[in-house]
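Dock chain one against chain two, each of which comes alone in its own frame, and use the hints as you go.
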Amino acid sequence: MSLSKDQVQHIAMLARLRLAESEVDDVADKLSRIVDFVDQLGAADTGNVSPMAHPLNQGQRLRADVVTEPNARAQIQANAPAVQDGLYLVPKVIE
Amino acid sequence: MHALTLTELAQGLKARDFTSRTLTETLLERIAETGAALNAFITVTEDEALAAADAADQLLAKNKGGLLTGVPLVHKDIFCTRGVRTTCGSRMLDNFVSPYDATVVERLAAAGVVSLGKTNMDEFAMGSSNETSYFGPVLNPWDHARSPGGSSGGSAAAVAARLIPAATGTDTGGSIRQPAALTGTIGLKPTYGRVSRYGMIAFASSLDQAGVITRSAADAAALLQVMAGFDERDSTSVDQPVPDYSATLDQSLQGLRIGIVRQHFDAGLDADNAQQVKAAIAVLEAGGATVKEVDLPNLDLSVPTYYVVAPAECSSNMSRFDGVRFGHRAENATDLLDLYCRSRGEGFGAEVQRRILTGTYVLSAGYYDAYYLQAQKVRQLIAEDFRKAFADVDVIAGPTSPAPAFPLGDKTDDPITMYLNDIYTIGANLAGLPAMSVPCGMVDGLPVGLHLVGPHFSEERLLNCAHRYAAETNWHTLCPEAYR
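From first to last, the protein sequence lines stand for chains A and B.
Here the first sequence is numbered in UniProt numbering, starting from 1 and rising by one per residue.
Here the second sequence is numbered in UniProt numbering, starting from 1 and rising by one per residue.
Hint data in this document are derived by calculation from the structure and do not stem from the laboratory.
Note that the structure is a prediction, hence the values are computed from the model and not measured.
From the three backbone atoms N, C-alpha and C, an ideal C-beta is built for every residue, glycine too.
Please note that the accuracy of each hint is not assured.
[Unchecked claim] Residues from chain A shown here face chain B by an in silico Cβ test under 8 Å; the list is partial:
(1) M1
(2) G59
(3) Q75
(4) V93
(5) I94
Extracted from the complex, chain B is given alone in its bound form (with noise of 0.2 Å):
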């Protein structure tokens, strides 16, 4: 059951060829068995989950229930759950419980969908390696010693391992696309404000997005077709109709414009890795799509303007985080001021601390023009640069990140170095763009990913490539040996 796809379940829970509470025992075995062993998990809900699946059970047995009733599923950290501890990684919150339910949470739970957990995460999903978890690195399926990336690596080594059909997942800067290029399966970030940020523990606003990461395209559909829309309750929300994602996966590819990207397969990138991008787009190509060379002159900048507005939301939204209503708090303070810096220096790791203090300092009197309005209109040159290349094509094609996974420990010390991992991914979030990453092929025994970008509102078309491509190709089935 377990090397089933979410919508492949569906369709046997409907059959009643198994039953919600079987799948959801299966799978919870399996990720007490070998889901320790990667450090997946933060919090595993039995109990609940039981209880949600035997409720789908009742629904299925009287032929009740929609697409999703009864279908496991795990959750990012970041995201509220009522009565569930929510960490976000984070020695700050280890101990919190939430009163209510995120709107990502609540609609899949409404939708029927049964939640075996929360997954790992870098801390306040500031990290592209997972390693800044308070809760310990996860570990790449494919390789142990290797990162499964980050922020939403806990997600994505689960979703590779096959301890769980499908994973929420958060976006900043790339953290659902850069995990699932590390570990072959499948990342989906929609447009900014087509999925509710209600209940999902704020990084940078302007930035974050909700998302899946599953193994198949017509997964993500299915799971964007519930989290998708208006949500009163998130005033960033787009008040905008859903369509039917899964209706328009099998269009034909033809007359598709591809672009392809100049700065994109420079010498940043890893040879090995484009050659099997650039095979990846061939095949797009065969399949009746057109390509183009489009420019993205900003494109070196992405990376600085997001650490300057990155790190200047998340000091303002980590102000939240005082010692005083909820949270960690330090003891024996000795006034308020006290309280306040020892609560926040003892529960912040030292990558929240950085990224808190280079946007207080960005922020600060005498370099906000400098730094913060510099780059709040550079982000704007870059979401031109985006606007201009969908003038001439439908879809930008190229790479997720320029090398398959990396060594854990590798770039933890450098900063810098860690940060331009996400150089390919960056710019659709500065710009609010819909994305997606597709196993696209192996090098070295290692998954790479085929990163898509579309205008705003196109997950559509984006689902309609990736489930073509995949029906040409078998890379989004491989599965790493330990876990079959």
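Isolated chain A (complex conformation) (with noise of 0.2 Å):
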């Protein structure tokens, strides 16, 4: 299956990654490669068989809601491109 240039940058856009114009032949091509190559799972006769979500068949463990972890804001805060006055500067979202 081939993928169009279209239907690449549609892709990108859900995934929230800016491709470059120059760029997405080449993407197209490798992801169109990708597709055909998993394309083969589609043969295995899986008619009676339950999907495999976590190797050892776990489910979530949960723990009590509670606080474990310190307020530790200005350290973690220490990371971020831009903040002021202990919260996260973006790009203006509304006009």
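Here it is in structure tokens:
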């Protein structure tokens, strides 16, 4: 199956990835080859097989709903590109 | 000193033959002189290492400390290290300094291990050749024109070149075992859930597992002893007692049932490689093991299954990198969507982008059932194949990689050829099984690995098998000439 440039751009938008126009052909070609490769899974007979989500077939372990970590906001925000008054700064969203 | 294994160094430290500071200084010098040429490190933590070595020496002087007090090690740059940058081989995290330690880092530090730095790796552990790193490829110490394998290529190259006796690594589809095979080192991927994933930057959460690269099975056993065990902070951690891995290393192989997979020795395997692996299995047989053929009928579907499941999980895990709270942020974004798209487009390399796109595609409306759900069902079939095989045998032995180390750049233009490099290792990740690669020969001056896979939580048996094999051979002691 060959993915078109438009399809690739649509997937990139869903993935929140900006692809340069010059890259799109190459990405479409390689992505098409990957899709062709994984297409062979369709031939496997999985009629009565349940999907496997966890290698040990374990369920999600839950914990008590209590705070276990100290507040380390300043330390965590030291990695942020832009903060002010303890808040993360992003470009203006609403006019 | 650099030629000694981790356990030999531990004995030397205990006997006060040398101090941890002297050892650390010697290795730091070696890393600076010869390590740079291999590009095996992203960060060297000289000051922190010397401070930890001094603390270890104080304990050792009082005859205190444990088995690993003062021994050196390096961490793959996928493990978060408090106060030290953790890049995961990506431009996205080039400037990220973790505010906390991964459980693996924390447990090894608590045991007195001295970390000398962070090793180079494929970006976000996505790659089989260590060529996708933002910091450039790692070179194989056996031949600088060849790949050391990936994604733990920096860890494997550093251990193979005697820059360090041991290193941590992670394995999502073979990322510990394949580089171990291509560099002539020992690589252990434990059972899924055996070692905590807390603080290990996630790529594909149902497959990722932390492990070690060493030069002896005894070293791998000693490190796993400290790293393994339940961790409340990792919801996938398994609450099961940790056995004494070193106690059973010397057990006889008498009665051990080894499975040989029919499909492993087909046309895809390099003939010389196959011969070395068969010779290695004969050594195990001579040690008392019996050999039996087993079938993994869905083996050929393991790579396509992996390349649906792993990208699907990756596309979700990578969504945390949005340029807002940490990591690379594009300049002068016009709005929030532009900020997300450009930050991610600039911060991620081509392979990571390809996997995010593949994952987004297979999870998108209209394709989810045909790709993702079907892959999860085939994954069940593959796990069932292993369950059936392990009803008849204790260990499966075969090749780790289809061929010895390949030239850098040889497979970068063809993702499928690169992906097929992991055909023998991926099955263990899909089924969550423990597996090891052990040096078992040389082809054209390049190392070859023997792959051992066992049922869940059979690390003791794999380590025993590797240790007994190493006792009969010297492949694990070979060192590239320039690094002796």
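| field | Hint numbers contradicted by this structure | value | Failing hints, ascending: 1, 2, 5.
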